[in-house]
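Chemist: The opening position of the first sequence corresponds to residue 1 in this note's numbering, with each subsequent residue numbered one higher.
Keep in mind that the hints are not guaranteed to be accurate.
Below, a list of computed lysine-lysine pairs in the DSS-like style, where the Cα atoms sit at most 25 Å apart [stated by the list, open to error]: (1) Lys408 to Lys149; (2) Lys160 to Lys149; (3) Lys367 to Lys299; (4) Lys316 to Lys408; (5) Lys102 to Lys30; (6) Lys65 to Lys45; (7) Lys45 to Lys78; (8) Lys148 to Lys172; (9) Lys83 to Lys70; (10) Lys316 to Lys172; (11) Lys160 to Lys172; (12) Lys11 to Lys30; (13) Lys102 to Lys83.
No lab work stands behind these hints, which were simulated from the structure alone. Predicted model only: the values in this text are computed from it and were never measured.
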Amino acid sequence: MLQVQDIRDNKDRYIKALTKRGIDAAEVFKKVLDADENRKATQTKLDETLAESNSVSKEIGDLYKSGNAKEANVLKEKTVALKESSKELSSQLDSISEELQKLLWTIPNIPNDLVPAGLTEDDNEETFREGDIPVLAEGSMPHWELAKKYDLIDFELGVKITGAGFPVYKGKGARLQRALISYFLDKNTDAGYTEYQVPLLVNEASGFGTGQLPDKEGQMYHVGVDDLYLIPTAEVPVTNMFRNDLVQEADLPITCTGFTPCFRREAGSYGAHVRGLNRLHQFDKVEIVRIEHPDNSYKALDGMVDHVTEILRELKLPFRILRLCGGDLGFTSALTYDFEVFSTAQDRWLEISSVSNFEAFQANRLKLRFKNADGKNSFAHTLNGSSLALPRVLAGILENYQTPEGIKIPDVLVPYCGFDIIS
RNA sequence: AGAAAGGUGGCCGAGUGGCUUAAGGCGCACGCCUGGAAAGCGUGUAUACGGCAACGUAUCGAGGGUUCGAAUCCCUUCCUUUCUGCCA
Numbered sequence: 001m002l003q004v005q006d007i008r009d010n011k012d013r014y015i016k017a018l019t020k021r022g023i024d025a026a027e028v029f030k031k032v033l034d035a036d037e038n039r040k041a042t043q044t045k046l047d048e049t050l051a052e053s054n055s056v057s058k059e060i061g062d063l064y065k066s067g068n069a070k071e072a073n074v075l076k077e078k079t080v081a082l083k084e085s086s087k088e089l090s091s092q093l094d095s096i097s098e099e100l101q102k103l104l105w106t107i108p109n110i111p112n113d114l115v116p117a118g119l120t121e122d123d124n125e126e127t128f129r130e131g132d133i134p135v136l137a138e139g140s141m142p143h144w145e146l147a148k149k150y151d152l153i154d155f156e157l158g159v160k161i162t163g164a165g166f167p168v169y170k171g172k173g174a175r176l177q178r179a180l181i182s183y184f185l186d187k188n189t190d191a192g193y194t195e196y197q198v199p200l201l202v203n204e205a206s207g208f209g210t211g212q213l214p215d216k217e218g219q220m221y222h223v224g225v226d227d228l229y230l231i232p233t234a235e236v237p238v239t240n241m242f243r244n245d246l247v248q249e250a251d252l253p254i255t256c257t258g259f260t261p262c263f264r265r266e267a268g269s270y271g272a273h274v275r276g277l278n279r280l281h282q283f284d285k286v287e288i289v290r291i292e293h294p295d296n297s298y299k300a301l302d303g304m305v306d307h308v309t310e311i312l313r314e315l316k317l318p319f320r321i322l323r324l325c326g327g328d329l330g331f332t333s334a335l336t337y338d339f340e341v342f343s344t345a346q347d348r349w350l351e352i353s354s355v356s357n358f359e360a361f362q363a364n365r366l367k368l369r370f371k372n373a374d375g376k377n378s379f380a381h382t383l384n385g386s387s388l389a390l391p392r393v394l395a396g397i398l399e400n401y402q403t404p405e406g407i408k409i410p411d412v413l414v415p416y417c418g419f420d421i422i423s
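My request is simple: use the sequences and hints to build the entire structure.
Modeler: See below:
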């Protein structure tokens, strides 16, 4: 959520930046600023009325104490009108504030200067590419066929016990999953991130804090009897640990990592693009979250990109980095880099990580502030990224490491797996 | 699920209708003291909104009510803790 004061101070620049998302914000900004003026004026009137009420009450108290009940009773009559008008003003103020709030919720974050204009994924800008795409032997397969051939994943079994999009990992497939989780967590903690295990169900306030609610309600599984949501990403519980917090400047940055399953309803397309591990309702992910001083957040974003790059480099998977264009940028993000690994057998790129700087957009919703050296409070910047999402990494490993003898295990994973080939 | 006790500032914690303008402590900041530090002493220190400012207003989990006046009384609701029950 943007701050009204920022909109006021940077109106033209913000309007221009939002055109990169294909949004003309001129009208909504005008509405916001008008509503805010209205709010201020109403608040001032209300404050004056209440101030008078308070001073009359004090007088009445004093009169009673000095035994002058008669005069006190005269004054009491005066409070009736004051009370009425303060009630009226306060309900006006409530509805104005609510209107303002609703307007603010509809406005996405302001894209950073680096964000390319453009509305579709074709406009994303490739900033980096590394790793050779292997030339596969005759008879090479997509990962879902490999998973079946080597008995690593049973998709039908998942359908039986739950439904489509809930695979069962088995044997060396399950072990490889566990190896990846441990490896990712180790890389993250080695880089200084503190490891957390967090709840997989969150309350409504948490959904609001990170921006999944109210807009994307349909994308989360909802447990009705207890009014809780299954997390779509560890970002939600991890970032919400700091909701309503006021931290000291010296405590920044706060860096966290955590492994969680993620649950996404994603009612949408079917077909080849969602086959196998490409899109699931439940998948595993290791996430990194940073709470940063605003002056340092973009440096931190670059650091996160470098960190994920190093992991993919160690896994020796062919990957590229995209700077998302305005149209592809998430609602809450100011700048996002997507990592994609090449699926050789499918001949296409698969998104495996998304690293974003939300600036103060989430912090404003979360009320996550820090106290600086002068004792002033301001919103911290929040960032997060996957390091990494498991299924597509697994798909990439299966497809890119397949040989006629079997699937080789990337060197860095061998100690975690306890085997070096799946055959 | 049943019973009981609670929810107060960055944190702990006192506070049963007006002198609460929220005590006291911890923490933090600054100063004194010190070779330097600790301790000690002194001063300051909640948040939000409005205002150039003085200042005003709101906020004691949330929402409603009683009252001229509510942290305090009443109602509703959420959450936490303890005990009982169930359970890995």
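Chemist: Holds or violated: are the alpha carbons of Lys367 and Lys299 at most 25 Å from each other?
Modeler: Roughly 23 Å separates the two Cα atoms, so the pair holds.
Chemist: Measure nothing beyond the straight line between the CA atoms of Lys316 and Lys408; if it is 25 Å or shorter, mark the hint as holding.
Modeler: With Cα atoms ~12 Å apart, Lys316 and Lys408 stay inside 25 Å; holds.
Chemist: Starting from Lys160, check that the Cα of Lys172 is at most 25 Å away, please.
Modeler: Holds, at about 21 Å.
Chemist: Given the proposed pairing of Lys45 with Lys78, does the C-alpha separation stay at or below 25 Å?
Modeler: holds, 18 Å
Chemist: Quick one, are Lys316 and Lys172 close enough, alpha carbons at most 25 Å?
Modeler: holds, 20 Å
Chemist: Does Lys102 pair with Lys83 here, judged by a C-alpha cut-off of 25 Å?
Modeler: Violated, at about 29 Å.
Chemist: For the pair supplied as a hint, Lys160 and Lys149, confirm whether the alpha-carbon distance does not exceed 25 Å.
Modeler: Holds, because 20 Å separates the two Cα atoms, which is no more than 25 Å.
Chemist: Is it true that the CA of Lys102 sits at most 25 Å from the CA of Lys30?
Modeler: Given that 25 Å is the threshold and the Cα spacing comes to 14 Å, the pair holds.
Chemist: Could you grab the alpha-carbon distance between Lys148 and Lys172 and see if it respects the 25 Å cut-off?
Modeler: Holds - the C-alpha atoms of Lys172 and Lys148 are around 12 Å apart, at most 25 Å.
Chemist: Hint check: Lys65 vs Lys45, CA-CA at most 25 Å. Holds or violated?
Modeler: Given pair Lys65, Lys45 is violated - Cα atoms ~31 Å apart, limit 25 Å.
Chemist: Are the Cα positions of Lys11 and Lys30 separated by 25 Å at most?
Modeler: Roughly 9 Å between the alpha carbons, so the hint for Lys11 and Lys30 holds.
Chemist: Assess, step by step, whether the Cα of Lys83 is no farther than 25 Å from the Cα of Lys70, and give holds or violated.
Modeler: holds, 21 Å
Violated hints for the displayed structure, listed by number in ascending order: 6, 13.
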